[in-house]
Amino acid sequence: MATMDMAARGDSAKVLSPAALQRIPAQLIFRVVTGIAALVTFGLIFVMLFFLVVYAYPAIRFNGLEFLTSSIWNIGNQYGSGVTTRNGFTGAPGASFGALVFIFGSIVSALLTMVISVPLSLAVALSLVYTVPRRIRPLANALVELMAGIPSVVYGLWGLVVLVPWIANAFGPFVTSKLGWIPFLGGQIGSGNGLIASVFILSLMVIPIMVATTRDVILSQSNSIFEASMALGSSSWQAMTRAVLPSVRAGVVASILLAFGRAIGETMAVLMVCGAAINVFPQNIFSPVNTIAAVIVSQLESALTDSTGMAQRSLAELACVLFVITLIINVIARGIMRGADRAEGRKS
Amino acid sequence: MRKMLALALAGLVVACAGGGGRAFAGTNLLETGSTLLYPLMNLWVADYQKEHGDVQITTQGTGSGTGISQAIAGVAQIGASDAYLADAQMKNSPMLNIPLAISAQQINYNVPGLNNVHLNLSGPVLAGIYSGAIKTWDDAKIKAINKQYASKLPHLDIVPVHRADGSGDTFIFTQYLSKSTPSWSNGPGYGTTISWPSVSSAVGANGNPGMVQTCQNTKGCVAYVGVSFLDQAHKAGLGYAALQNKSGKFVLPTPQNVGAAAAALDKHTPQDERISLVFAPGANSYPIINYEYAIVNPKQQDGAKAAELKKFLDWALTKGQNSKYLGAVHFLPLPGSVVKMSQAQVNKIK
Amino acid sequence: MSAGQVVHGTARSTHISRTWWGISAACLVAVIGLLFSIFAFVLVQGLPALKPSLFIEPTHGIAGGLANAIVGTLLLVAIGLVLVIVIGLGTAIWTVEFAPAWAKRAIRFMVDVLAGVPSIVVGYFLYVALVEEAGWGFSLIAGAMALAIFMLPYVVRAADVALTNVPKMLTEGAVALGARPAMVVASIAFPYALPGILTGLLVATGIGLGETAPLIYTAGWSNYMPTLHPTHSPVGYLTYVVWTYISQPFAESHRLAYAAAALLMIFIFATNLLARSFVEYKLNKHTSR
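Protein chains in written order, with our numbering: chain L, 1 to 348; chain S, 1001 to 1350; chain R, 2001 to 2289.
Quick caveat, the hints were computed from the structure, so don't treat them as lab data.
Predicted model only: the values in this text are computed from it and were never measured.
One or more hints might be untrue.
[Claimed, not checked] Straight line, CA to CA, 30 Å or less: simulated DSBU-like cross-link-like pairs of lysine-lysine:
| no. | chain 1 | residue 1 | chain 2 | residue 2 |
| --- | --- | --- | --- | --- |
| 1 | R | K2168 | S | K1050 |
| 2 | R | K2051 | S | K1235 |
| 3 | S | K1135 | L | K178 |
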């Protein structure tokens, strides 16, 4: 992680012996080739972001702040006459693009997913490392990794055929009748497609990823911390949660981040179970919702028919918003990780 | 490292082999677009291929919007669409709108006890449901047009289901609402995707199968579904409504009633064949029917492709009108006069 | 602190400890059970439809075989992997071995952000840039590039972590003996980190095999066997079959969709087992030394 510093090694390599000089070209090529690869990775985001922002610019001007404050998404009357012009840019007559419903849906579904999946994943990872008998551990690990690879369309398929009817016919009625007095847990259940279906599917999708990464960082930590803590009289659970886990906090935060990124950007599976709400906010956990990623797929098709192109550019603006949200999340998490490192007094 | 390098090299060889690889000797055509037309295209292409081994036709069910835009971009040769191009689109990119068959749309519902009969529904009532004014199945406005079932209509919340993806089905459904209900026409209007009124119980579903599935899962639902999914909707135990047509009569989407609507408008079909068949006049005309279009660029970049394209479209308009293809998806053949117009358009392809 | 207190505290905390371990084991069983039921659901639906003819015939309109989609999926992922191995490993090596501290931070940050880019955005970006603007049409290369971009962060992260976790003792020892960084990477750090890197490539392969959204607008779809032309020739792939054939009003289309889903799972399972046995083998070699 960020605590490692390899610069020292580079410095020592600068002291060159005559024999080493002959190897410089190979050195240099290696350095340059890997450097170019790094540049490509680094630049990719900028190229995409630059492209999207330039592409979305007319929409940014056309929509103004309304994009973030309005909840009405209307690509305008494609078969009508005339155009709507704002700030010198034109859209179809009646067009207005407010993305608040989708932004809200993305953030709420990803956050709720974290509420369910973080504790579960930690428990599963700890269990994999400690409880599972050594003999069946490879099997359990293989299963988790296998699950990480189930394609999102397959999750979506299962969600549609199994999960959604279960929510509509069993889970929903149970929750509304027993826990309906809690805000957002009562009321209409609808078709089962909605916020809670998305959250369940997303949780199932990110748990294997989070488990695999968390397990790896725990295993990468040497046994000595665990054993030292045990020797000091801690129980095995205390040793694990109070000594080992904090020592790999940065790695765990990173894995949660990856999972959050996956949850907020997941497209196909959410698209298949979210209920694709438009122009309306969820009333409870069963209400249809929509996310930025899902709406980009489901609206792209109709946006392509907008002869003014404004609908397409507004979708690009949505993509930019998703970019910015991921950026903000990453900045915050980086701060947390660096803070954690400093608190532990580890030099970077 | 060596292994990785070997792996990388092996991959590169594959990639390079791709560059110099042999290509199919014949011509490739790409059809993409409407999911409603997709099953029919597949039936057509399978048989066409048997007669014409020298052409490969790839079919894709992506949605009408994609079909239109990819045909304009020249990525696909045939853009399948349930909707004709708007004037604004025609101005930017003049394309041919060639009808290939006639399709209809049924209104499905899931009301326990009433799925085996055909409830009556009208444009204004559907507009009321989709805008949130009519909230339950025992609403007075629904009872008024279903006198024989008035006592059986339950006090059940209505869940209006609409398409989440852009769709020709949304286009013709909202056109029906617009033509029958002034307040809808002045409000949400019509299009392949529209800004649906905020109704908190409303659900968006993907594709026709999503509409059927959602409706099956949801008591109280109402959904508009393409007629090629009639069998599926029936299997799902859903009812379908008799719709009020322009002359006030409630009619079912039977081949006779769909044919009556088509016959009422075939003489009005203009040379460019861009016309809505929705809400056609006539006592027995079913109100939601449409032409299924092939959107084609008249100026093809590749002469060989243009020739094969014309051959295939011509086949679709003649042998393809056989009921063994159209019947399987509940489509109707084009009237003879419309076939002639379509053929004239096909001949414009260069 | 007296001895008695320690004993008392330990006894109580052991009890609590057991309870917590029990809860987490229950979570493990529940999660694996649930995930396994998804797996079983797809196999139960799909295996009966897996006939030998599926592997020979290409798909046609409403059903047919899966030969084109199988070959297409493998080609797309193979080429995507080549791209991602070159770029991803290069990035990780440079980041760990050569980058100044600020560049390390910057690249890791960008990789995190890249992992959060929704697949449809990547697909849409490449559609406009390559398929339309560059005029490549739906093509093998555009599809493979979309997959590569999507797999990249997973590979870079895994390789980065694996290389960073190589004990300093090993590499510093080698440097002290006069080895150059390239030598150190190739002969010491890389073999040591290989299991971790392979796991990353594995996760990436799984993601590549199962991805749909970025391919719809880049690889397109084709009913025919891939022509191996890098451009202007759409490619079929398995996820497309799952996504669209389930939407057809025909029972045989549904069977094909389930068959494709089952096949995908089997591919992913096989890749996993293969790489896993390799990883175990490597680990054993390390520990036995």
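For each hint given before, does the structure comply? Return the numbers of the non-compliant ones in rising order. The structure conflicts with hint 1 only, although it agrees with all the remaining ones.
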